[in-house]
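Visitor: Protein chains in written order, with full-length UniProt numbering: chain E, 1 to 122; chain L, 1 to 290.
Just to be clear, a hint being listed does not mean it is correct.
Calculated lysine-lysine pairs in the DSBU-like style (CA-CA distance at most 35 Å, straight line) [unchecked claim]:
#	chain 1	residue 1	chain 2	residue 2
1	E	K87	L	K23
2	E	K89	L	K12
3	E	K77	L	K23
4	E	K77	L	K202
5	E	K77	L	K74
6	E	K89	L	K33
No lab work stands behind these hints: they were computed from the structure.
Just so you know, these numbers come straight off a predicted model, no measurement behind them.
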Amino acid sequence: MDASRTPFPTLIMTGRLFLLLATLAIFHAAYSTYEHLSHLKALGRPGGSLPQSIILETLVGLVLGILGASLNAPELKEITWASEMQKHKIDEMDSRLGFASFVTRGRNILSSSSKSSAKEIQ
Amino acid sequence: MSLSTALERLAKYRTNNTRASQKTFEQGCLILKSGPTTKLGDEGWAFLEQLALASIDVGRLDISDECLKQLAEKFPRSPRVDVLTGIRMEATESPETVLQYYGELLEEDSANAAVWKRRISVIRRTGKLEKAVEELSLFLDTFYTDVEGWLELADIYSSCNQYTHALQALSHALLLAPQNPFTFLQFAETAYTSGDLPLALKMFLLVVEMGERGASPDAPPTGIQIRAWLGVKLCARRLVYSPHVSSASDTPVPKTIKLIDELATERVLAAYGGQKETGSKHVTDWLASR
Numbered sequence: 001m002d003a004s005r006t007p008f009p010t011l012i013m014t015g016r017l018f019l020l021l022a023t024l025a026i027f028h029a030a031y032s033t034y035e036h037l038s039h040l041k042a043l044g045r046p047g048g049s050l051p052q053s054i055i056l057e058t059l060v061g062l063v064l065g066i067l068g069a070s071l072n073a074p075e076l077k078e079i080t081w082a083s084e085m086q087k088h089k090i091d092e093m094d095s096r097l098g099f100a101s102f103v104t105r106g107r108n109i110l111s112s113s114s115k116s117s118a119k120e121i122q
Numbered sequence: 001m002s003l004s005t006a007l008e009r010l011a012k013y014r015t016n017n018t019r020a021s022q023k024t025f026e027q028g029c030l031i032l033k034s035g036p037t038t039k040l041g042d043e044g045w046a047f048l049e050q051l052a053l054a055s056i057d058v059g060r061l062d063i064s065d066e067c068l069k070q071l072a073e074k075f076p077r078s079p080r081v082d083v084l085t086g087i088r089m090e091a092t093e094s095p096e097t098v099l100q101y102y103g104e105l106l107e108e109d110s111a112n113a114a115v116w117k118r119r120i121s122v123i124r125r126t127g128k129l130e131k132a133v134e135e136l137s138l139f140l141d142t143f144y145t146d147v148e149g150w151l152e153l154a155d156i157y158s159s160c161n162q163y164t165h166a167l168q169a170l171s172h173a174l175l176l177a178p179q180n181p182f183t184f185l186q187f188a189e190t191a192y193t194s195g196d197l198p199l200a201l202k203m204f205l206l207v208v209e210m211g212e213r214g215a216s217p218d219a220p221p222t223g224i225q226i227r228a229w230l231g232v233k234l235c236a237r238r239l240v241y242s243p244h245v246s247s248a249s250d251t252p253v254p255k256t257i258k259l260i261d262e263l264a265t266e267r268v269l270a271a272y273g274g275q276k277e278t279g280s281k282h283v284t285d286w287l288a289s290r
């Protein structure tokens, strides 16, 4: 993604930072859960509940991830017909290439054999 | 000019139906020389077809022969390659030979629209306009949704000054592509040329309205909007002086014609009043004259 083309590069940077923090938070919470559960298994109480801090960390990771993904989104594109038609020119819309005649003056002016004959005339 | 930008530009020409043959030829030759086109994948074949057409247009039949050879090797009995061969024949052979070739192709497969279109194009090029119109009407009876065909029919009629028939053909094109302001503009200009000023005014105003959806009303007009506003000014000026002009299509003249005239003047001045001032003096002189 080219940051120089977007109007608000700081938003994209913030979005990427949030996504990074959210990923780290989720991984850390997952690792903590694993450690906590193996700690409980070692103590002989395998059915214990998770501590509040891990749940809070997961929720913070979720919120940061949503914010980061929204801010990191690419620029919105136009969807109206009027904006689409603005980009076209009359020659393109009226070109009728299925019926176009390819026997034009181009071959007499631009082909190499005609260049040599033009030099002879001069 | 790197290869990928050249390929991108050529792909854009293909989607927009642009016929910039000289530019296509120059960029296409670069790509052709850079190596075998098999590594371009599926796009490579469409690119070869585009380059073949551009080189025939420019007169370099050697390059087009090379492209055609590669395409014929890859797709031996394809109708698209047959059409391309026919176009290559059009460049060197006489029209009778080419028409016979297309006739043979149509006998094999009478639903091949592309071959039929080329046949009509050759008939028109040789000057037999009545026969071309007949064939084109038959074609459009079979393939009604071909907008290109209706535009071509309108063009043939306009070249013979038969503007009512041209307007009829354009109205079919309008039915098929109602979101396209360019067809409305062509309709308006044909109506103006045939003398039906109220109809032309109505259509020019439609083009203006189509361009305004989404644009801010104070911005100066751009693109075909300038052409549409100039058309409105042309019609409104004559209608202000003779409001009871007869219209062949019985279109009524709007009661607020003076206000429309003033608005058109203001919009045309806004379009040409920028910093560049290219032609603004000519425009103001024209607007001030009768």
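Visitor: Hint by hint, note whether the structure agrees.
Guide: Each hint, compared with the structure:
Simply put, K87(E) and K23(L) have alpha-carbon atoms about 19 Å apart, close enough for the 35 Å limit, and the pair holds. A C-alpha spacing of about 13 Å is found between K89(E) and K12(L), which places the hinted pair at or below 35 Å, so the restraint holds. Proposed proximity of K77(E) and K23(L) is supported: the alpha carbons are some 29 Å apart, at most 35 Å. Between K77(E) and K202(L), the direct Cα distance comes to roughly 32 Å. Compliance with the 35 Å bound is thereby established for this hinted pair.
Only pairs whose Cα atoms come within 35 Å are accepted, and K77(E) paired with K74(L) is rejected, the gap being roughly 38 Å. In summary, the hint linking K89(E) to K33(L) is supported, as the alpha carbons are separated by about 31 Å, within the 35 Å threshold.
The structure does not agree with numbered hint 5 stated previously, though it agrees with all others.
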